[in-house]
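Visitor: Chains as they are written, first to last, in this note's numbering: chain A, -3 to 481; chain X, 29 to 515.
In short, the hints are calculated from the structure, not lab data.
Please read these numbers as outputs of a predicted model, since none were measured by experiment.
Take these hints with a grain of salt, some might be off.
[Unchecked claim] Distance condition first, Cα-Cα at most 25 Å in a straight line; then the derived DSS-like pairs of lysine-lysine: (1) A/229 / X/352; (2) A/337 / X/179; (3) A/369 / X/121; (4) X/138 / A/375.
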Amino acid sequence: MSDITKQSLSELIKNIKDKKLSSTEVTKAFVERSEKSKELNAYVTEDFSAAIDKAKKFDENPNLNLKLPGIPMAVKDLFCTKNVKTTAGSKILNNFTPTYESTVTQNIWNEGAILLGKLNCDEFAMGSSNETSFFGCVQNPIDKDLVPGGSSGGSSSAVAAQLTPITIGTDTGGSIRQPASFTGIVGLKPTYGSCSRYGIVAFASSLDQAGPMAQNVRDCALLHEVISSYDEKDSTSIDFKRNNYFKELTNNIKGKKIGIPKEYRVDGMPKEIEDLWKKGIDYVKDCGAEIIDISLPHTNYALPTYYIVAPAEASSNLARYDGVKYGFRADGENLIDMYEKTRSEGFGAEVQRRIMIGTYVLSSGYYDAYYLKAQKVRKLIKNDFDEAYKKVDAILTPSTPSSAFKIGEKTNDPVSMYLNDIFTVPVNLAGLPGISIPAGHDAKGYPLGLQIIGKAFDEQNLLNIAYAMEEKINFKNKITDWWIK
Amino acid sequence: MSKDKSEYLINRKDNQYEVVIGLEVHAQVTSESKLFSTSSTKFGAEPNTQVSLVDAALPGMLPVINEYCVKQAIKTGIGLKAKINKRSVFDRKNYFYADLPQGYQISQFKDPIVGEGKVILDMPDGQKEVGIERLHLEQDAGKSIHDLDPKNTFVDLNRSGVALMEIVSKPDLRSPDEVNAYVKKLRSIMRYLGTCDGNMQEGSLRADVNVSVRKKGTKEFGTRCEIKNVNSIKFMQMAIEYEANRQVDLIEDGRSIDQETRLFDTKKNETRSMRSKEDAHDYRYFPDPDLLPLEVSEDFIEKLKLEIPELPDEKKKRFIEKFKLSPYEATILVSDNETSNYFENVIKKSDVKLATNWIIGELFAALNEKNLEITESPISAGNLSKLINLIKDGTISGKIAKIVFENMMEGDKDPKKIVEEKGLKQESDPKALEALIDKVIDDNREKATEYKKGKVKLFGFFVGQVMKVSGGKANPQLVNEILKKKL
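With the hints as extra help, turn the sequences into a complete structure.
Guide: In structure tokens form, the structure reads like this:
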């Protein structure tokens, strides 16, 4: 089969289970395509030969009852992987190899998947374009010199370019959904507490959540089923009854009530986005669901709130990278000098910016005005959703205010960069699940995504709605393999 | 008023100054594992052998609260008669130091697990109540070792993440003696509860001491200085004495006191400025997002209350009421659980009064001389009880008992055996005593005549002679009776 990498996850699993394909064949196909796709710069660390060895080993004694039997998979370089370098896209961890495995990746390997390598991302997941990575920009396979979104930019690029059949990213303010939208793939940010944070390099602890990124909703549901688990090692992990998301997936959403929040109709929103949203509403109606206008009055405050809470937590979470115990260390005259040089040279500009913002908003004299107030607003934002969910089952919005932009276009304008997350950030602040599905193209032919926001722990319903819409939308990604010579 | 006599005041010319002291005691929670990880807390292990991924703050590692430590803190709160907060919050205290791997210490800032309570001190002139402001749980840092290498500092993370209780007193203490009594009482309560071993040599109990002075009679507090990390009661007392006098001297000189953090130099016996208020760290406290607020139910607290043993104050009351001990005796005997257990074991089968005197007197002196704890006493409670019964039933005199006691201190021997082996049994046979007395009178004819003529003072001489001849074994009561008859 020459078009192995074009197959969806579900097809690959079926072919392996039916013994039409071996894990070795599948793994080799993705390795070969990845080798030919270096220009995308999707990988930070390739683990190809080990992957092929593991695949061969799998084939010797294949356990076909597993959910991901012999499936190769590259993952975002924010997940700690035992004995495989984990950088978080930063110079400060460029020499760091964990002796332990994150719970989420362990869950994946336990179901038979094989690590292909580690995917590029914004440094410490701080960015919306993958341009803050120490390891360079990632190309969007949609078009040359187009950003793949961020922070899970290597992940979105790799799935869209079929370098990996599926992947996982992390989402603190939109880092799964926005890059999914920019590359024409599906990305799910689960409910906070659904996937363990153990072993994931922390950005903002109260917002970070791992989630699947896939070519379609079915694949996404399957991977979510694998990664979502209660974990005693994460005190914020929640022990709730998880569905068999893949098995229970249905496109029957008749009678579901879908809310349309008027506050998401932001000033200056491109007509293309407005039209896409309208189309989305029609698709939902086509599926037999009911549309209800709702209000989320504090939406406007979500972005500023996020840019206080996230940097505050980050400034503290990143204090451990001090050159003392592991990671990069610069020589210094004394301890303080060593700290200053290590952190000035080890962290990039965006990370330093956020550490400074975070340090500032937590400082005595400013704490009440910024951090404490932000926490109060966060509660109000959550209350908005709670109110809305008394009337509706889910909420439909655009995923992003625009399609992908060019590399370098917004580098010098952090605020315009931050505005990218305007539709995704409220979901993290409220701890809710959100999914982005590809729903159309703009005039340039770049993909655009729609976001569905669900009730807490209601991923099944969310996936069902996405699945039903996906069928109606019938999206086809326009990828020309321009980077393969 | 008798109270004034023991008041601790610093006198200068016409002025008298009162010293105001508050303590922040850091007590290591007795627990097999650390506050947020499963690493061992055993003292004295090789450096960096008790460090988990969490303790070393590796990327992606998360703290998980140790329920046992929470129980220990609540029990301590109950022992301090304090309010237990059903909801408390762990905060991050952010600062950079090489032995602080996370770059922050997880502590409790606004919402501690235990609120206001009190400790009763038994001072020579009566009881004194000291208020407890709060008790909170926090992680210890690692240890920086600066003296192993001329250029480098070594870091040992074995202590990193060990659970501490910070117990903050109100500024109710007024003298070094009260501080001594307070720390001892606190330690005693925690040892009764089994929540802190109170071992100051191993650093299980340390304190930051806040000292200020004010002219006697004034209500307002003076500016305070905080003396950091003092690790023995003696040093606390010395530091307070030095610091209070330093502050008084400044005031007398017409100068002002700067609010600052100071260090106590134990070699020079002085406190030195460490950092001023302006240089104080901004710790940027905020709730740790890796940990949910700690919530405990009424039921959880009630169950722990059932595990609380009889504490020193109640035990003292019982000893006074049931055994008719003096408050002084009771205070000494309840000072730690082991002593009171020993006492209660001794009196199971022997006289209370004698037991009290022997424990507080002979036993404590002997243990003190050998630098032993009561748990290490060569004389078991059972054997001390036997010794007391030998005195009580007249087998041996009190004087002989001291000889037997000394023998017992050399090894846990049955006092009866010692008495038999050494032939120390008291002579109470009237016939044998009469023969002895006859011989003594015979040998001292002249003195006997003088006695008969009215020199009654000589009676003591004859008793002494009889005792001497008997090798101290003669029953003194019988000797008295027979001598009176014979003379």
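Visitor: So, for every hint listed, does it hold in this structure?
Guide: Hint check:
no., hint, in the structure
1, A/229 / X/352, "violated, 55 Å"
2, A/337 / X/179, "holds, 19 Å"
3, A/369 / X/121, "holds, 20 Å"
4, X/138 / A/375, "holds, 20 Å"
Consistency with the previously given hints fails for number 1 only.
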